[in-house]
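Novice: For the record, the sequence lines run as chains A and B. Under my numbering, the first residue of the first sequence carries the number 1, and numbering increases by one thereafter. Under my numbering, the first residue of the second sequence carries the number 172, and numbering increases by one thereafter.
Where hints are given, some of them may not hold.
Said to hold, decoys possible - Below 30 Å or equal to it, Euclidean Cα-Cα: the simulated DSSO-like pairs (lysine-lysine) are:
(1) A:Lys166 x B:Lys259
(2) B:Lys270 x A:Lys166
(3) A:Lys82 x A:Lys165
(4) A:Lys28 x B:Lys270
(5) B:Lys270 x A:Lys165
(6) B:Lys259 x B:Lys270
(7) A:Lys165 x B:Lys259
(8) A:Lys82 x B:Lys259
(9) A:Lys82 x A:Lys166
(10) A:Lys82 x B:Lys270
(11) A:Lys28 x B:Lys259
(12) A:Lys28 x A:Lys82
Everything labelled a hint here was simulated from the structure, so no lab data went into it.
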Amino acid sequence: MAGVGMVILFWVVALITIGSAVATVAMKNAVYSALCLVANLFCVAVLFAMLQAHFLAAVQIIVYAGAIMVLFLFVVMLLNLKAEVWRPRDTLVAASAGLAAVLFLLQVLPVIFAQFGAIDTNHSDTIEGGVAALGRQLYGRYSLLFQASGVLLMTALVGAMLLAKKRFKKA
Amino acid sequence: MIPLSYYLSLSAILFVIGASGVLIRRNAIVVFMCIELMLNSANIAFVAFSRTLANLDGQFSVFFVMVVAAAEAAVGLAIIISVFRASKSVETSDADLLKE
Numbered sequence: 001m002a003g004v005g006m007v008i009l010f011w012v013v014a015l016i017t018i019g020s021a022v023a024t025v026a027m028k029n030a031v032y033s034a035l036c037l038v039a040n041l042f043c044v045a046v047l048f049a050m051l052q053a054h055f056l057a058a059v060q061i062i063v064y065a066g067a068i069m070v071l072f073l074f075v076v077m078l079l080n081l082k083a084e085v086w087r088p089r090d091t092l093v094a095a096s097a098g099l100a101a102v103l104f105l106l107q108v109l110p111v112i113f114a115q116f117g118a119i120d121t122n123h124s125d126t127i128e129g130g131v132a133a134l135g136r137q138l139y140g141r142y143s144l145l146f147q148a149s150g151v152l153l154m155t156a157l158v159g160a161m162l163l164a165k166k167r168f169k170k171a
Numbered sequence: 172m173i174p175l176s177y178y179l180s181l182s183a184i185l186f187v188i189g190a191s192g193v194l195i196r197r198n199a200i201v202v203f204m205c206i207e208l209m210l211n212s213a214n215i216a217f218v219a220f221s222r223t224l225a226n227l228d229g230q231f232s233v234f235f236v237m238v239v240a241a242a243e244a245a246v247g248l249a250i251i252i253s254v255f256r257a258s259k260s261v262e263t264s265d266a267d268l269l270k271e
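Only chain B is shown next, with the shape it has when bound in the complex (with noise of 0.2 Å):
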């Protein structure tokens, strides 16, 4: 019914989207849900190529894949907050501390 190119062109849409908010936004939390985003759309690429090659791997790998988003989110946003604390400012074009 539904082709698998539907489902691949979906997640390739949803990937740039992320990705050019990786690249607009500034504030550094919007730039981790766009990755978020980013991985949410390997996902539905992960389920699909398992639906149509009736095959499970692909959905053990989502479930990692969560996993580490899981792990990533967790670190992410403690450093976002110790940022935060030192520097009042959690936009990316405030911590400049190592430029020339």
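Isolated chain A (complex conformation) (with noise of 0.2 Å):
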């Protein structure tokens, strides 16, 4: 693996997640929204891909950017909002938001680098990614897990369809 390279790679990409995801918060309008979460979304597949997680990946596109961003835009496609209005006291709300965040960042970035600054990511042994090595213990171990969560897929599933229903009124 070229060691310049990724460090470039990683950078352009962590710089444009960064910028998404403020854009995701900023943006008025709820179309422009959802586009630059769909950007943030595939910029995070691209780390998973870097960190050597292909079938992460693959499945951060198809389902998160692929499946749950289209749900999020056909909702608001068909709520068909207009732009939120900015009212006076959103300036102190956004104000003191960003102040708690940056307090948060101030507590937890020295800690992060302070414990886990000399560890890299890249190891010599690599571990066995990959779609085989993952369904092996997919239906192993985990089997109880995946059934759980096909259960909780089929309840959500049912949910959605009675919450979002039509009422048919009786004649």
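If you follow the hints, you should be able to join the two separate chains into one complex; please do so.
Specialist: Quick look at the structure:
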């Protein structure tokens, strides 16, 4: 793996990730927010691939960016909302949230760099990533969790259909 | 090449951006999108640790987090649609029926 290329790629992808995250929060139009979030999810998939989690990168693009965000965009366009009105109180709320965010980062980032600064993510004894290794464990060690997540998805499916169903008035 | 702390600090920054988005925005759908941002930041941390410790368990956690996020997004959006049908608004400040 080329060393300098990976470092440059990481910095570029990290900057685009953070930029699209800030854009998701800042855009007034909900459709623009959703599109910025799609860009963010793509960058996260690139980060997964850089960490040799290729299956997860593919699942991230197929499921998160390809299904969940499409669902979001459907709802946003169905509801056909206008852009949010900027009230004067919102400046105070935004400033307070920003201050809280900066304070939190000031606390957490030094601890992260002190604790994990020296550890490198590149290992010579690479784990056996990919679909085969994940599948072997998913149907072996985690089979109960797998079935439980199937039940969870079924429940969510039925629940979402019930909640969003139109009530037909009886004649 | 790329230290673990870089991935973890990226995860922390994304989490904080998502959390402030939940606090700032009033549109319920955008609040939901910021929650997805926070979930993604946790996923980055999981995968980074999984790679560092050479253990696949982190990747399984990400798999199940994605499952739960999909289920939660479906149900949450259905709830938002129901609330919109009742009150014609998705602003969080307009959902005040339980207020004094």
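Novice: Compare the structure with each hint and give your call.
Specialist: Results for each hint:
1. A:Lys166 x B:Lys259: holds (15 Å)
2. B:Lys270 x A:Lys166: Measuring from Cα to Cα gives roughly 27 Å; hence the hint holds.
3. A:Lys82 x A:Lys165: Since the Cα atoms of A:Lys82 and A:Lys165 sit roughly 24 Å apart, the hinted pair holds (cutoff 30 Å).
4. A:Lys28 x B:Lys270: Distance of about 27 Å is within 30 Å: holds.
5. B:Lys270 x A:Lys165: holds (27 Å)
6. B:Lys259 x B:Lys270: Roughly 18 Å separates the two Cα atoms, so the pair holds.
7. A:Lys165 x B:Lys259: With a Cα-Cα distance of about 16 Å, the restraint between A:Lys165 and B:Lys259 holds, given a limit of 30 Å.
8. A:Lys82 x B:Lys259: Status holds; Cα separation ~12 Å.
9. A:Lys82 x A:Lys166: holds (23 Å)
10. A:Lys82 x B:Lys270: Distance ~26 Å between A:Lys82 and B:Lys270 Cα, so the pair holds.
11. A:Lys28 x B:Lys259: At roughly 19 Å apart (the allowed maximum being 30 Å), B:Lys259 and A:Lys28 satisfy the hint.
12. A:Lys28 x A:Lys82: OK: A:Lys28 and A:Lys82 at ~9 Å, within 30 Å.
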